[in-house]
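Once you've looked at the hints, go ahead and assemble the two chains, each given alone in its own frame, into the complex.
Spelled out, the chains give:
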Amino acid sequence: MADNGGKKITLKSSDGEEFEVPEVVAMESQTIRHVIEDVCAKNSIPLLNVNSKILSKVIEYCKKHVAAAEAAASKASTEEGTAAAASVTKPSDEDLKTWDAEFVKVDKGTLFNLILAANYLHIPGLLDLTCQAAADMIKGKSAKEIRKFFNLKNCISPEEEEEIRRENQWAFEEEKRTRAFDAYA
Amino acid sequence: MYSFLSMGVQSTKDVEIYYQSRCFDLCSDALEAVVSKMPTIDLIPASKVSREWYLAVHSSLRRYPRHLPWLLLCHYHPRNSLNFSIHAFDPLSHSWLSIPDQPSSNKPANQVTTRFLSGSSGDRLHTLSMSKMVISEDPFGTRWGLDSEAPKVWRQDSVLAEVGRWVVVAGGGCLVPLYDGEEVRSVEVYDKATATWQLTEPMPVQFDGSTSATWLSVAASNEKLYVMERKTGLVTWFDPDCKKWGPMCRLPSCHNVSEWAVTVGPGKRLLVVGVGTTIQSKLNVRIWEVDGENLQVVNNKCEEMPTEMVKRLFLSNVGDDDTWHGCAVEVCGTERGGYVYNASEMRNGAVFYELEHDEKGKIVMRWEWVPVPERVGDSSMAGKIEFGCSKVGLGDLSNLIF
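Sequences listed follow chains W and R, in order. According to numbering that gives the first Met the number 0, the first sequence is numbered sequentially starting from 0. According to numbering that gives the first Met the number 0, the second sequence is numbered sequentially starting from 0.
What you were told as hints is all true, and nothing was included just to trick you.
Only part of the chain W face toward chain R is listed, based on derived beta-carbon distances under 7 Å:
id	residue
1	I114
2	N118
3	L126
4	C130
5	Q131
6	A134
7	K138
8	S141
9	A142
10	I145
11	R146
12	I163
13	F171
14	E174
15	K175
Within a straight-line C-alpha distance of at most 20 Å, the following computed EDC-like cross-link-like pairs (lysine to aspartate or glutamate) qualify:
id	chain 1	residue 1	chain 2	residue 2
16	R	K390	W	E173
17	W	K62	W	E93
18	W	K140	R	D24
19	W	K143	R	D24
20	R	K243	R	E182
21	W	K140	R	D89
22	W	K175	R	E136
23	W	K107	R	D28
24	W	K52	R	D24
None of these hints come from the bench; they were simulated from the model. Think of the CB as a built atom: it goes at the ideal place given N, C-alpha and C, for glycine as much as any other residue.
Okay, chain R solo, but in the shape it has when bound (with noise of 0.2 Å):
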């Protein structure tokens, strides 16, 4: 009558003899169960172990992916940036991983620009020189793949970002004495399908004066460069397919919002994050969803971060006479989730977030705080830091030579 629960056992004796036996073999169902609970990097020994685990890896990758986007830490000595090093930061396990340096046949031989290029696959490193442009094409440099002459306008401190299968180069302070057609604001995009410089459309008119990567937030998506102004919120983008600018559009400052900045969001929208004080003086860190295409706010939604963090994260801005100065905010993420810091003190850590997936309630589903690693919070030791972020494939990780 329970015959259901026997699983096809033939007698008491088999299952003790099943339970004596030294060998430990999970059936198909608990070692997946067991592989799940198993942080990313460890996926990599556990799919070489036998058929079963290798079996239980992908079945579990395919049941439950790991989508939420890894922090990507840049830790490098300003006066010598060819010595950095990488550390990346797990969200599902909580816990960072410190990259060493990976050999590989083509990483550029000059100096590798310490800042991460926004990418809609991922922010990554790259090193863009007069004569040479080079981008990685995993999260930690191990395969440096897309290997291009520069781009004609010679600039400083320019937009850089990949978008789809284009690469756009925008604005930037001018060194070198311009050409007529040269502006300060000009744009060119490089097609990876032809390997070629196009000059287009410049930016607005309106960014002039900011066209420098320092005061601009960037975001990538697979369609569109977004290029938001960060003291006044003013946000467009560029479509690389078409080669046009799109609408101009000021968030509402209602919210005494004192800096703002950009990240892709869920679907094809943004999500936009200000610092800013209240009128009882209180800072706070707010989160809204912004259309992609027409860049109105959704739903007149706003969220707020948990003031603990917000705390933790300005823990450096606050004066001697308890109020708050020069917080400067900064956001990188994917349509999963993401990472918001304070751009002037990358040290004092970063607030990780999940977005919801559905489209009901709220736009956040969690928060939590992320302290940067011991050795590199250390303010005594030397060197800065910078953030990016990017989602990490197994793939990724078996390239890592430990």
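Just chain W, with the same shape it has in the complex (with noise of 0.2 Å):
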């Protein structure tokens, strides 16, 4: 990756510790892109809602995914025609996913703290990697195995899963009344 002459930029977690990191790297923050952009900012950046553990998790998805992209790039610049290019790229497409799918293989404290973090942040790529993985986890759970999982303070009342599943039946009407709607239209 290219590291030499790039401008640095340091982010400071929650818990007060510092990372130095390139600033085409922090980037993948748009939340970060526009305090570099807009702010004019110093040389630290304070991130009040990210611990040191999650900001290093993430610092190291966002390196990752730079110098992945940098390959492919000089790899599609330096191949004649695009054709050998495009089938260059595969593997590492596939070495990327690969990479991911090890990346998400954490307790559900860390993926959850990693989805807040990838939402506050702006990493797209990030907050759709961590959400698909809290997703498979939550695959084929009822409701009360949810809130477990979720350790979700079990104190809803029955008053209030009445009036959730009374809400849901008018949504199915409204949706079933739309859909007849447009079969008159």
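Here you go:
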């Protein structure tokens, strides 16, 4: 990865740890990109909502994806003909997918914190990846099992449960009405 | 200076407590992002978890509506069609759902016709006997709404379709001797609003000899019923509102198409699919967009299904001499997408296509292979398969009892 001469930026986690990263890696986060471009940042950006453990994982993701994109771009420009380049980028796409799959093999606490960080820092690729991993974990679970999985305070009262059931019913009736309306339109 | 980054958090201590708390409360944005990745069937329990989850599910569906139609599969024993099972394929999660037999208060007692009825809101299970016609309201046969007397002319293997508030019965072969005025080509229209049948203008005479559903491919939009002769590409429409048949049109057959099929397309257009062989004996499956009113091909555009998928679809049609024979194609779909399959061997699988949203370029955005569920596809298992296609909403899924 082109490390030489690239501008560096310092990210400071909520618990005070500092991470120096190339600017291009930090810019994977759209939030940080806006700070750098619009606010004319100093060299250090404090991220009050992300602790060091999570921030280091996020930086690891951004570094990997920036490197992969650079490698693909340089291969495309040196290979003769786009057909050859396309067939060359395929294996590295697979490698990246494998890396991503390994990256999200973490405990659910870390996964949820990664989702929150990706959401807050606006890193679309990381948000997609982590949300998909979370969705996969709760596939096939009942409402009760989902509550347990998220350790949600189990004080959902029978009244609230009934209210939600009624509202869902209303939403489904509305869906049917709209479909019937389409038929008559 | 960076207050907009702090999201209202008071101090570092609060953040620490936030992370150490055992309760994994995702903010609504993040929750919605997770919900958007969940298979549609899982949204039912998800919407019942809590108020936040309920809001996230419905907000996600408003933002990213799940329009793509599901592939319905009816697997039945040819000698006992009361014994059938329904499976449904969700194109978003790429997985099959097996629907167990649903208890239903007004489920018809006599056998359900296993071929799906084409409908403008989706294909439906139905039963048609000499005395009654009953049509399911939903894709899975959990609610049997329309229950009416049968059409006046009794026919076998007729075209039966739901077109908006009408049900149209056309053609068919007749085993019972007909009275004067009842022709094989006769058409009857049922008005759901008044619950009455009306005899109308018969099918055009050009369809004589091929009025049975076996020879025809059918599509139903909200306004019209489209009927296409599979072998010749002859196509026309019927408007149940003004009870009239439209222009007759034959699709240009210079493309060596051996069989045709039709379904609804985007806007008020149709999608026409044709399977045929090129001069070099290569099998191909092509798709055209046709205007729903004048039945002319739009923009002279024609697209081909990827060769690999064509080969898989027609695997069973390759002869010993490596030539193709008897390839029959059928298609079912909505304005968002649909499924193309081998009408003579459904077990081979189907090909899902998603249509482009914008007007400018291609017809098909992407093609995807859909294998049938293992149990069903096993050729040693007795039973036949019929395909149908329908939009499936949360309401339809929420009624299912597993």
